[in-house]
Amino acid sequence: MPSAYIIHLLILVGIYLILTISLQLSVGFTGLLNLGHIAFYAIGAYTAALLALAGWPFWLCILLAGLVAMLFGFILSIPTNKLKGDYLALATLGFSFLIYAVALNWSGLTRGPLGLPGIPRPEIFGFVFSGNTSFLILTLIIVLITYFVIRKITTSPFGKVLEAVRDNELAARVLGKNTFKIKSISLVASAFFAGLAGSLYAYYITFIDPSSFTIMHLIPIIAIVIIGGLASLKGTVIATIILILLPEPLRFIGFPSSVIGPARQILYALVLLLILLYRPKGFYGKVELE
Amino acid sequence: MSKSSKTITWLVVIVIIIAGIWYGVTRKTPPSEENPIKIGSILILTGEGASWGTAAKNGIDMALEKINSQGGIDGRKLVVVHEDDQSDPKNALSAFQKLTGIDGVSTIIGTTWSHTGLPLVDLAKENKTLIISPSLGVKDFNEASEYLFNTWPHDFYLSQELADYVYKKGHRKVALIGAQQVWVKDQTNAFKSRFEELGGSIEVLLEPNPTDKNANTDALKIKEKEADIDAIISTTDGILVGVQIAKRVREIGIELPIYSISIDADVIAAAEGAYEGMEFLTFLTPTQKFQKEYEEKYGLAIDIGAASAYDAAILIAEAMKETKSTDTAVLQEHLNKIEQYNGVSGELVSDGKGGFTKPFLSKKVVNSIPIDIR
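As they're listed, the protein sequences go chains V and D.
Quick note: the first sequence uses this note's numbering, first residue 500, plus one each step.
Quick note: the second sequence uses this note's numbering, first residue 5, plus one each step.
The following block holds chain V by itself, in its conformation from the complex (with noise of 0.2 Å):
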């Protein structure tokens, strides 16, 4: 049915809206250069898994998935409280192949790089997602969730000192602003949500290994951010929309498949590259990146 290859692909845009409304909270709202978003994606991914084969219920393995790496979070943001732009960034990063190498190696626990196969899909409350239109609505209900708490965020008076300490965070902290509470609160909230997204995606694939956690699985969900344009949730939903659904239609042009591959690289580096020359702040964005 055709229905069920579009389906999938808005399981995987609904996926990647978690992932990029999230970091869009602390890269964009808070300015924190943040590219530990894939590891926390990979601890919410790791934690549902292993806890689904153990038999533990869903709801529970998914809040433990966001809480888990909501932990990790609140554990990066203590070193790098003081770090800002670039630093920020290679620490974050640093963190990212940490989880990836604690992924790899710890064969004990990940089962290294044979993976986890076998992830069951969700069961609540005697309801099984077996079918891809189950998961769908299952994703979409976390989708919204995660859009209207970090709106709620960000058009808070709360968000609004998140903006401050992203544009000039000395002035905030003369004005007795707790500057290192706030930006970890953004960097908990922001791997929450990328450990929601971490376990929707175990839930969904049933087969997770280090393979899907890498560096280069980055990539797009910072084009996404940048592209969307900074602190902006209407800009990240359409670049989320676009850029995951863009190579798509490639399958049908009836290239041969050896072009396709590289031809999606390079219109994700095409459009991103267009946007940076003639929109440097992306769709809708309030800011520049720095």
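Quick caveat, the hints were computed from the structure, so don't treat them as lab data.
Please note that the accuracy of each hint is not assured.
Unchecked claim - Now the in silico label distances, taken between C-beta atoms and shown as ranges:
1. D:209 / V:584: 37 to 47 Å
2. V:666 / D:20: 28 to 38 Å
3. V:581 / D:201: 51 to 61 Å
4. D:331 / V:775: 44 to 54 Å
5. D:355 / V:596: 34 to 44 Å
6. D:291 / V:640: 29 to 39 Å
7. D:16 / V:585: 49 to 59 Å
8. D:224 / V:643: 47 to 57 Å
9. D:16 / V:640: 20 to 30 Å
10. D:331 / V:764: 36 to 46 Å
11. V:585 / D:209: 56 to 66 Å
12. D:224 / V:596: 22 to 32 Å
Unchecked claim - One-sided excerpt, in silico: chain D residues whose CB lies under 7 Å from chain V:
13. 18
14. 93
15. 101
16. 102
17. 106
18. 108
19. 122
20. 123
21. 144
22. 184
23. 185
24. 189
Heads up, the beta-carbon is just placed ideally off N, CA and C, and yes, glycines get one too.
Since chain V is already given, all that's left is putting chain D on it; use the hints.
The following block gives chain D in isolation, referenced to the frame of chain V:
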């Protein structure tokens, strides 16, 4: 540009993309007089692993050429829709949904590697999609359903054989080079447990990240234990980090014999002499005729996946001919009954669970060319 016109522009972009997908999804392919039978392939055609995926794609194309030149399946042409998963599980799922949902395919050859094949297991079971992998080596795949098959033997078989081979050669204490890669890990574990079961011991175990470029530390670990070991075993096959370690080992003057598995001409060339004299076991056992035809047609050295993908396509075609059906329930039943099949990749023997194995070859690298020794 005003905010509303910006929104309209981006909405138009989204609509165009969705329309493009919708067009592809709903378009009606022109009715063909021949009414072809469509199968699909999901292979790694770009990025890491593309040499295996491309070899498999070429093998399938060769098989289809042969089948169609002999009249196809009861007069119907057999065609294939190739999809590239780029070694990403998400893309493998997208390719699967596109092939089964839009192209109407219910028989697929793929995937190239385990981490893209395992996510398809549940879907294949649910949709009763027949999948034959030409190079995936974990048994979790084919043993998960009667609709899943491998024409490439499981990774651990050859490693167990290598353990026996090395032990019979008189080696008792060895350094073992593996890598943090799914099938290499499987191979390393299999060698280790078999060798230890025989009474041998692994004095040094190295399992670097496959992307590591610096082999110095690993080579020095072997150097440190050089006096205690009598051979070096590499289960890294095509993973280049194994080659890097072997090169560095030779550069620092370690002359211990090296044994390995599934090495091809590209890997030997990349080793730049470090694999000279090395003995290895391989399942890459194409018939000479097929190898010659393949190399003449594509101008490429034959690689893992080519002959076994060819055999997979022929097995499917023969099953369709003999059962006069394209129903996967009928085809899987037929394929599950095959006990032995003499293909271009070797004499395949079924394990009764969808997996095939075959005799392997022992080879030795002499003047950078692998020659048969058994």
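The hints, checked one at a time:
1. Our hint of 37 to 47 Å for residue 209 (chain D) and residue 584 (chain V) holds, since their Cβ atoms are close to 41 Å apart.
2. Taking 28 to 38 Å as the suggested C-beta distance range, the pair residue 666 (chain V) and residue 20 (chain D) conforms, at roughly 36 Å.
3. Between residue 581 (chain V) and residue 201 (chain D) the beta carbon distance is about 54 Å. The supplied range of 51 to 61 Å therefore holds.
4. About 53 Å separates the C-beta atoms of residue 331 (chain D) and residue 775 (chain V), a value consistent with the hinted range of 44 to 54 Å.
5. Hint check: residue 355 (chain D) to residue 596 (chain V), Cβ distance near 40 Å, so the stated range 34 to 44 Å holds.
6. For the hinted restraint 29 to 39 Å between residue 291 (chain D) and residue 640 (chain V), the CB-CB distance of approximately 56 Å leaves it violated.
7. The given range of 49 to 59 Å is broken by residue 16 (chain D) and residue 585 (chain V), whose C-beta atoms sit roughly 37 Å from each other.
8. Evaluation of the 47 to 57 Å hint for residue 224 (chain D) and residue 643 (chain V) yields a pass: the beta carbon distance comes to about 55 Å.
9. Hint check: residue 16 (chain D) to residue 640 (chain V), Cβ distance near 29 Å, so the stated range 20 to 30 Å holds.
10. Between residue 331 (chain D) and residue 764 (chain V) the C-beta distance comes to about 39 Å, which sits within the given range of 36 to 46 Å.
11. Checking the proposed 56 to 66 Å range against residue 585 (chain V) and residue 209 (chain D) shows it is violated: the Cβ atoms sit about 38 Å from each other.
12. Take residue 224 (chain D) and residue 596 (chain V): their Cβ atoms lie about 23 Å apart, and the range 22 to 32 Å holds.
13. With a cut of 7 Å, the hint placing residue 18 (chain D) at the interface with chain V holds, because the nearest CB-to-CB distance is about 6 Å.
14. Here the hint on residue 93 (chain D) is kept, as its CB sits about 5 Å from the closest CB of chain V, short of 7 Å.
15. For the restraint placing residue 101 (chain D) at the interface with chain V, the shortest Cβ-Cβ distance is roughly 4 Å, inside the 7 Å limit, so the hint holds.
16. Because the smallest distance between the Cβ of residue 102 (chain D) and any Cβ of chain V comes to about 5 Å, under 7 Å, the interface hint for this residue holds.
17. Interface restraint check for residue 106 (chain D): the shortest CB-CB distance to chain V comes to about 5 Å, inside 7 Å, so the restraint holds.
18. For residue 108 (chain D), the shortest C-beta to C-beta distance to chain V is roughly 10 Å, which exceeds 7 Å, and the interface hint is violated.
19. Checking residue 122 (chain D) against chain V by beta carbon gives a least distance of about 4 Å; that is within 7 Å, so the hint holds.
20. Because the closest C-beta pair between residue 123 (chain D) and chain V is about 5 Å apart, less than 7 Å, the hint holds.
21. With a cut of 7 Å, the hint placing residue 144 (chain D) at the interface with chain V holds, because the nearest CB-to-CB distance is about 6 Å.
22. Hint status for residue 184 (chain D): holds, given a least beta-carbon distance of 5 Å to chain V, under 7 Å.
23. A cut of 7 Å between beta carbons decides the hint on residue 185 (chain D): the least distance to chain V is about 5 Å, and the hint holds.
24. The interface hint given for residue 189 (chain D) is met, as the beta carbon of that residue sits about 5 Å from the closest beta carbon of chain V, less than 7 Å.
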